[in-house]
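Peer 1: Please model the complete structure; the sequences and the hints are all you need to start from.
Protein sequences appear in the order of chains A and B.
Quick note: the first sequence uses our numbering, first residue 1, plus one each step.
Quick note: the second sequence uses our numbering, first residue 1001, plus one each step.
Just so you know, the hints here were simulated from the structure itself, not pulled from any lab data.
Fair warning: there could be bad hints in the mix.
If you anchor each label on the Cβ, the simulated ranges turn out as follows [to be verified]: (1) A:L57 - B:I1104: 31 to 37 Å; (2) B:I1104 - A:I44: 38 to 44 Å; (3) B:A1098 - A:Y23: 42 to 48 Å; (4) A:L91 - B:S1059: 32 to 38 Å; (5) A:Y15 - B:G1105: 52 to 58 Å; (6) A:Y23 - B:I1099: 54 to 60 Å; (7) A:S41 - B:S1032: 27 to 33 Å; (8) B:P1114 - A:I44: 30 to 36 Å; (9) A:I17 - B:S1032: 34 to 40 Å; (10) A:A49 - B:S1032: 30 to 36 Å; (11) A:I44 - B:S1059: 40 to 46 Å; (12) A:Y23 - B:S1032: 15 to 21 Å.
From a predicted model like this one, the values you see are computed outputs, not experimental measurements.
The C-beta atom is built at its ideal place from N, Cα and C for all residues, glycine as well.
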Amino acid sequence: MITNIIQAYLTIADYNISSADQYFGYVATVVPIFIPLMLFSLFIIISLATYFSKKRLTGFGDFPASFAVAGFVTTITAVLLSLFSNVINPLTIGICIIVTVIGVIWLFFSRESS
Amino acid sequence: MEFRHLLVNFIMIGIFAFALIGWSIFVQMDNSGNSSLMENQLINSTFVDLGTELSSTQSQAEGQRESQEQENPTASSGDLILFTITKAGKVFTGTIRAIYDITIGGASKVIGIPPIIMAGFTSILLVSIILLAWSLYKQGR
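Peer 2: Printed below as a string of structure tokens:
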């Protein structure tokens, strides 16, 4: 009865792993939101780190530039992750590209207005 | 915001988006990526549409430049107008285009910059020349 209600969890032994990169595939298969959350964390860390680093060094921060840089790095990471099988889907990469383009638009127009 | 800066910003954003998507696609193709972006209809159509728009921008800018060169200045009664001003504008345009073709145009072929990227820069140059020639005609400087 319980086995009918609870779905069997895919353990790492059930997943056919033959190389190290397939661990990413296993994680992405078991927890589909893991890779998007990892990319989002990377984006937040880089944007805030570059913003506060510049603010500490120069006295003022440039958040549009930090946003664009973080988007660029996140997109590169997403594209590199797509070279492994079953790790990331094209929709996630598309979202990364869109966020990066939005960051670039913001950067260009913030420079113009300032 | 000036019109020229607005136009340059939008063309630069278009070139950047095209380059980013193109880089992602070519990295996947060259390394046998498993989730090819070209299989995604949304990204594929966006990439193709963006390339088409950037390519057509150059031809439209060329058309505007040719129209601008064919214009003859008009003057109201009592105004003094020197038609050589517009001739100077045409010489100015030709000189800049020649220098551009010799330097950046040649270098782009050697380096291998895609034609669409160069079309974007050519569009920016042509629109800037048109606006500068208009400024020359209107203000005489």
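Peer 1: None of the hints should be skipped; say for each whether it holds.
Peer 2: Hints and how they fare:
1. A:L57 - B:I1104: 31 to 37 Å: 35 Å, holds
2. B:I1104 - A:I44: 38 to 44 Å: For I1104 of chain B and I44 of chain A the Cβ distance comes to about 39 Å; the hint holds.
3. B:A1098 - A:Y23: 42 to 48 Å: 58 Å, violated
4. A:L91 - B:S1059: 32 to 38 Å: 34 Å, holds
5. A:Y15 - B:G1105: 52 to 58 Å: 54 Å, holds
6. A:Y23 - B:I1099: 54 to 60 Å: The hint (54 to 60 Å, Cβ to Cβ) holds, given that Y23 of chain A and I1099 of chain B are roughly 56 Å apart.
7. A:S41 - B:S1032: 27 to 33 Å: 28 Å, holds
8. B:P1114 - A:I44: 30 to 36 Å: For I44 of chain A against P1114 of chain B, whose Cβ atoms are near 33 Å apart, the range 30 to 36 Å holds.
9. A:I17 - B:S1032: 34 to 40 Å: Taking Cβ atoms as reference, I17 of chain A and S1032 of chain B lie about 20 Å apart, which means the hint is violated.
10. A:A49 - B:S1032: 30 to 36 Å: Since A49 of chain A and S1032 of chain B have Cβ atoms about 33 Å apart, the given range 30 to 36 Å holds.
11. A:I44 - B:S1059: 40 to 46 Å: Since I44 of chain A and S1059 of chain B have Cβ atoms about 43 Å apart, the given range 40 to 46 Å holds.
12. A:Y23 - B:S1032: 15 to 21 Å: Holds, at about 20 Å.
Against the hints set out earlier in the document, violations occur for numbers 3 and 9.
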